[in-house]
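The listed protein sequences derive, respectively, from chains V and S.
Residues in the first sequence are numbered consecutively from 1, following the working numbering.
Residues in the second sequence are numbered consecutively from 623, following the working numbering.
One or more hints might be untrue.
[Claimed, not checked] Calculated pairs, DSSO-like style, for lysine-lysine (alpha carbon to alpha carbon, straight line, at most 27 Å):
no. : chain 1 : residue 1 : chain 2 : residue 2
1   : S       : K696      : V       : K449
2   : V       : K180      : S       : K683
3   : S       : K683      : V       : K449
4   : V       : K245      : V       : K294
5   : S       : K683      : V       : K65
6   : S       : K685      : V       : K449
7   : V       : K204      : V       : K449
[Claimed, not checked] Simulated DEER-style distance windows between Cβ atoms:
no. : chain 1 : residue 1 : chain 2 : residue 2 : range
8   : S       : D672      : V       : A62       : 32 to 38 Å
9   : S       : I646      : V       : P531      : 19 to 25 Å
10  : S       : I627      : V       : A515      : 34 to 40 Å
11  : S       : P702      : V       : Y539      : 43 to 49 Å
12  : V       : G216      : S       : G650      : 57 to 63 Å
13  : S       : G705      : V       : E328      : 47 to 53 Å
14  : V       : P104      : S       : I646      : 55 to 61 Å
15  : V       : P104      : S       : A695      : 45 to 51 Å
No lab work stands behind these hints: they were computed from the structure.
We put the CB at the ideal spot given by N, CA and C, even for glycine.
The primary structure of each chain is shown beneath.
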Amino acid sequence: MSDPIVLKEEYDVVIVGAGASGSIVAHQLAKAGRKVLVLEAGRSTRDDEEGWASNVDTFHRAVAKVPNSAFPATQMAPQLDVLQFHNITPGVPDSSGYAVQHGPLPFGSDNNRSKGGTTLHWTGIALRMLPNDFRMQTQYGVGVDWPISYDDMKPYYELAEQELGVSGCVEEYLIPVKDKKKYWGDYQYPMKKMPQSYVDLRLKDRVDGLKLELGGDDYEVRVVPTPQARNSDPNPDYKDPVTGKRGFTPIGTQGDPLRGERCQGNSCCPAICPSQAKYSGLRSLNRAIAAGAKHGKPVTVRCQSVVSKVITDPVSGRVTEIEYITYEQVSYPPPQTFRVKANVFVISAHSIETAKLLLMSGIGNSSDQVGRNLMDHPTMLTWGLMPEPVYPFRGPAQTSAITAFRDGAFRKDMCAFVLPIDNWGWIWSSFSPEAYVGGAVGGGSFGRKLRQSVAHDVSRQIALQWEFEQLPDPGNRVTIDQKFLDPLGLPRPQIHYRVQDYTMRSMEQAMRLSAAIFKKAGITDFTRYQPSDVVYTEYKGNPYTYRGCGHIVGTHRMGKTRVDSVTDSWLRSWDHQNLFLVGCGAMPTWGTSNPSLTMSALAFRAAEAINKDLDKQTPKPR
Amino acid sequence: MDYPIDTSGQFLAISSVLTGFSAIELQGTGSADAIWATATTIVGAPILGDLLTDCGELFEKSKDIDALEAAFAKRVIADPRYGPVAKNFIGAWYTGVWAALPSAWCDAYGASGSDGTFVISPTVYKSGLQWKAFGGTPRGGVPTGHGAWNRPPLTPINTNAPKP
Ligand SMILES: Cc1cc2nc3c(=O)[nH]c(=O)nc-3n(C[C@H](O)[C@H](O)[C@H](O)COP(=O)(O)OP(=O)(O)OC[C@H]3O[C@@H](n4cnc5c(N)ncnc54)[C@H](O)[C@@H]3O)c2cc1C
Ligand code: SF4
Numbered sequence: 001m002s003d004p005i006v007l008k009e010e011y012d013v014v015i016v017g018a019g020a021s022g023s024i025v026a027h028q029l030a031k032a033g034r035k036v037l038v039l040e041a042g043r044s045t046r047d048d049e050e051g052w053a054s055n056v057d058t059f060h061r062a063v064a065k066v067p068n069s070a071f072p073a074t075q076m077a078p079q080l081d082v083l084q085f086h087n088i089t090p091g092v093p094d095s096s097g098y099a100v101q102h103g104p105l106p107f108g109s110d111n112n113r114s115k116g117g118t119t120l121h122w123t124g125i126a127l128r129m130l131p132n133d134f135r136m137q138t139q140y141g142v143g144v145d146w147p148i149s150y151d152d153m154k155p156y157y158e159l160a161e162q163e164l165g166v167s168g169c170v171e172e173y174l175i176p177v178k179d180k181k182k183y184w185g186d187y188q189y190p191m192k193k194m195p196q197s198y199v200d201l202r203l204k205d206r207v208d209g210l211k212l213e214l215g216g217d218d219y220e221v222r223v224v225p226t227p228q229a230r231n232s233d234p235n236p237d238y239k240d241p242v243t244g245k246r247g248f249t250p251i252g253t254q255g256d257p258l259r260g261e262r263c264q265g266n267s268c269c270p271a272i273c274p275s276q277a278k279y280s281g282l283r284s285l286n287r288a289i290a291a292g293a294k295h296g297k298p299v300t301v302r303c304q305s306v307v308s309k310v311i312t313d314p315v316s317g318r319v320t321e322i323e324y325i326t327y328e329q330v331s332y333p334p335p336q337t338f339r340v341k342a343n344v345f346v347i348s349a350h351s352i353e354t355a356k357l358l359l360m361s362g363i364g365n366s367s368d369q370v371g372r373n374l375m376d377h378p379t380m381l382t383w384g385l386m387p388e389p390v391y392p393f394r395g396p397a398q399t400s401a402i403t404a405f406r407d408g409a410f411r412k413d414m415c416a417f418v419l420p421i422d423n424w425g426w427i428w429s430s431f432s433p434e435a436y437v438g439g440a441v442g443g444g445s446f447g448r449k450l451r452q453s454v455a456h457d458v459s460r461q462i463a464l465q466w467e468f469e470q471l472p473d474p475g476n477r478v479t480i481d482q483k484f485l486d487p488l489g490l491p492r493p494q495i496h497y498r499v500q501d502y503t504m505r506s507m508e509q510a511m512r513l514s515a516a517i518f519k520k521a522g523i524t525d526f527t528r529y530q531p532s533d534v535v536y537t538e539y540k541g542n543p544y545t546y547r548g549c550g551h552i553v554g555t556h557r558m559g560k561t562r563v564d565s566v567t568d569s570w571l572r573s574w575d576h577q578n579l580f581l582v583g584c585g586a587m588p589t590w591g592t593s594n595p596s597l598t599m600s601a602l603a604f605r606a607a608e609a610i611n612k613d614l615d616k617q618t619p620k621p622r
Numbered sequence: 623m624d625y626p627i628d629t630s631g632q633f634l635a636i637s638s639v640l641t642g643f644s645a646i647e648l649q650g651t652g653s654a655d656a657i658w659a660t661a662t663t664i665v666g667a668p669i670l671g672d673l674l675t676d677c678g679e680l681f682e683k684s685k686d687i688d689a690l691e692a693a694f695a696k697r698v699i700a701d702p703r704y705g706p707v708a709k710n711f712i713g714a715w716y717t718g719v720w721a722a723l724p725s726a727w728c729d730a731y732g733a734s735g736s737d738g739t740f741v742i743s744p745t746v747y748k749s750g751l752q753w754k755a756f757g758g759t760p761r762g763g764v765p766t767g768h769g770a771w772n773r774p775p776l777t778p779i780n781t782n783a784p785k786p
């Protein structure tokens, strides 16, 4: 590759990665009149009506409709993909995908590397963490405490719920929190709860009130509506946390205020929301661009630009420049390297790529924590047939969950878990309805008999997702190895991953609890775990299959001291004062909340700190 | 039973027996031409022509749909030449996917370079009978309206049919 070209243009802030994290920071900085450059490794995703429709088309053309189907990677900026994961033979790392998986278990979650990032294909569940999730060491003697508490995060959660557009009902979202008044205050979500599905309501009828024992205590099963970042009816009682004004206007399809202002039941989340009623990072990026234009400081977004190195001043420790490689999708002209200067740098390339970039640059790691404590929510499924039709495969992916086990004294010994109810039957456990049809036809079924069996069985399919908490484990980590390079010559991520007994003990209990719920509901159990499943494991001689949940967390955790963490609670690198690491990687623990709402709240905190830092350097004229 | 005289009518008639949906319902999906064209490219006109002709005989000899289904089970589904093709028709109608033909079938009748497993078209996927059979929504295909998912589908589905 040729020598780097140094850009003449300098910026207040350079942001690496145009996902939700980077885009939220960009928006907050643009609103304050900062000059911002966003560098994005992947494609410049079209989100105008016609372009978005072509992305939906790409999804429909995929035989295996997996999360990444609508947004394939470019050759030069590969991404993790669920179709790349396999069980690992001990001692033989699996290098067949983009990441080299060392195991012992495969890390089963994927990401997306295009403008908009992984929220192009997320499910949109937007849960706040519980107060005890922030103080696991103090409360339960496991994991670590956060440097901040739920109370510190509360105002930022409110900002994040506004940015993402969360629908939910504070009164109905029952959670194991003692002081609910203190937890919520007089808060109301921007939009009313997403209507619960017929699947949820039939199950609720049958199991609500069931008492289940765990760790010597009783927990009551209740099927409650889940808060989520997709558009529902606006809540007139919602109070804007910034202006204090009542009400909320949902944003849907880019460029068309009349489409997507409600989730329309396209039943396509996570893969792609055809109406854009579900939040994606593109929404925040578009806001950033609009804010920049308003302030006469355009936010510049450059795609197909892979950041390859962060350069620091050895004396001051400050980051001075960032190096990035641009590429074309054809072989000529060849990739070109650039360097750009700025006052502040933000890396928001998602947990694995952010850690990789720090390791590649040899910076920010005096704590030796970079890349460590990689976590997911290992997700086990149990599935069966309801005694009556529940008509799955309609509406959003999830509308309800059983939340009783999100906290409790059992967390001294085993992990918390949450049970979303799948609205799409056995899609995740056995690729229904396609595989159901395939199996029946393969077995010789056809005609009226085939039609009847699909009607009878698929209409009764139900699945519970058991999403388990993981604790930080320094051995679960991302490393780099110059022997394994991507097409631009940059190291591919090396992943070392296992699931601790703390989590396995709850999986073991879950089998018992699932059987009790199924019995109460009259569900005929079809759950089977077999060695050919990805990811298959055994615990105390029993089989378990779990999947990655898409939740990639914990590779650059924040903390109270520079000894055991990578950043402070404002996501500022301990080692480099003008470097901010924004994303799920910052979270030291995270309980059973899907991570992106907390990630977004932290992005608001980081943006606040950056704006303050920049104000100090160049005081605003009064 | 009656058998149409034109190719497209005949294809709908045999598809109706194979899928359990009426010819009118099948026509309503708008997928027939695309599925037939795919099969013609991959399987070839001689085998498909024979299939249509032989099915005509089954129609002629069967007095009702029970008899016709029984005849199809023996002479089409279980037939080494027609079976894999017929199963592919069912898969295409239900899921929108053409599946690569079995290697044993290809050994006997030859493989086309166009064969493979692929979605015939986004439209054929979205019109898949699998969704109509149990009242589901094709992924990203048909917006049902906000909140429609919290009650049973508008079009009643006979889900109580005894499990075959
Ligand atoms: C199937 C699925 C379902 C999910 N469901 C939920 C859910 O319901 N709730 C929830 O809270 N979370 C969910 N998640 C997780 C959620 O999507 C992520 O946590 C979130 O998108 C992360 O946002 P981010 O901006 O930090 O990273 P990303 O969105 O991944 O953005 C990072 C960006 O950085 C770019 N980048 C990477 N490397 C470089 C580089 N070297 N140079 C320049 N740019 C780079 C990437 O291309 C990408 O655009 C789900 C994930 C998946 C896969
Ligand atoms: S159900 Fe459809 S409209 Fe609603 S969020 Fe999901 S994909 Fe979007």
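Hints, one by one, checked against the model:
no. : hint                          : result
1   : S:K696 <-> V:K449             : holds (15 Å)
2   : V:K180 <-> S:K683             : violated (73 Å)
3   : S:K683 <-> V:K449             : holds (21 Å)
4   : V:K245 <-> V:K294             : holds (22 Å)
5   : S:K683 <-> V:K65              : violated (43 Å)
6   : S:K685 <-> V:K449             : holds (19 Å)
7   : V:K204 <-> V:K449             : violated (31 Å)
8   : S:D672 <-> V:A62: 32 to 38 Å  : holds (34 Å)
9   : S:I646 <-> V:P531: 19 to 25 Å : violated (47 Å)
10  : S:I627 <-> V:A515: 34 to 40 Å : violated (59 Å)
11  : S:P702 <-> V:Y539: 43 to 49 Å : holds (46 Å)
12  : V:G216 <-> S:G650: 57 to 63 Å : holds (59 Å)
13  : S:G705 <-> V:E328: 47 to 53 Å : holds (48 Å)
14  : V:P104 <-> S:I646: 55 to 61 Å : holds (56 Å)
15  : V:P104 <-> S:A695: 45 to 51 Å : holds (48 Å)
The earlier numbered hints that this structure contradicts are 2, 5, 7, 9 and 10.
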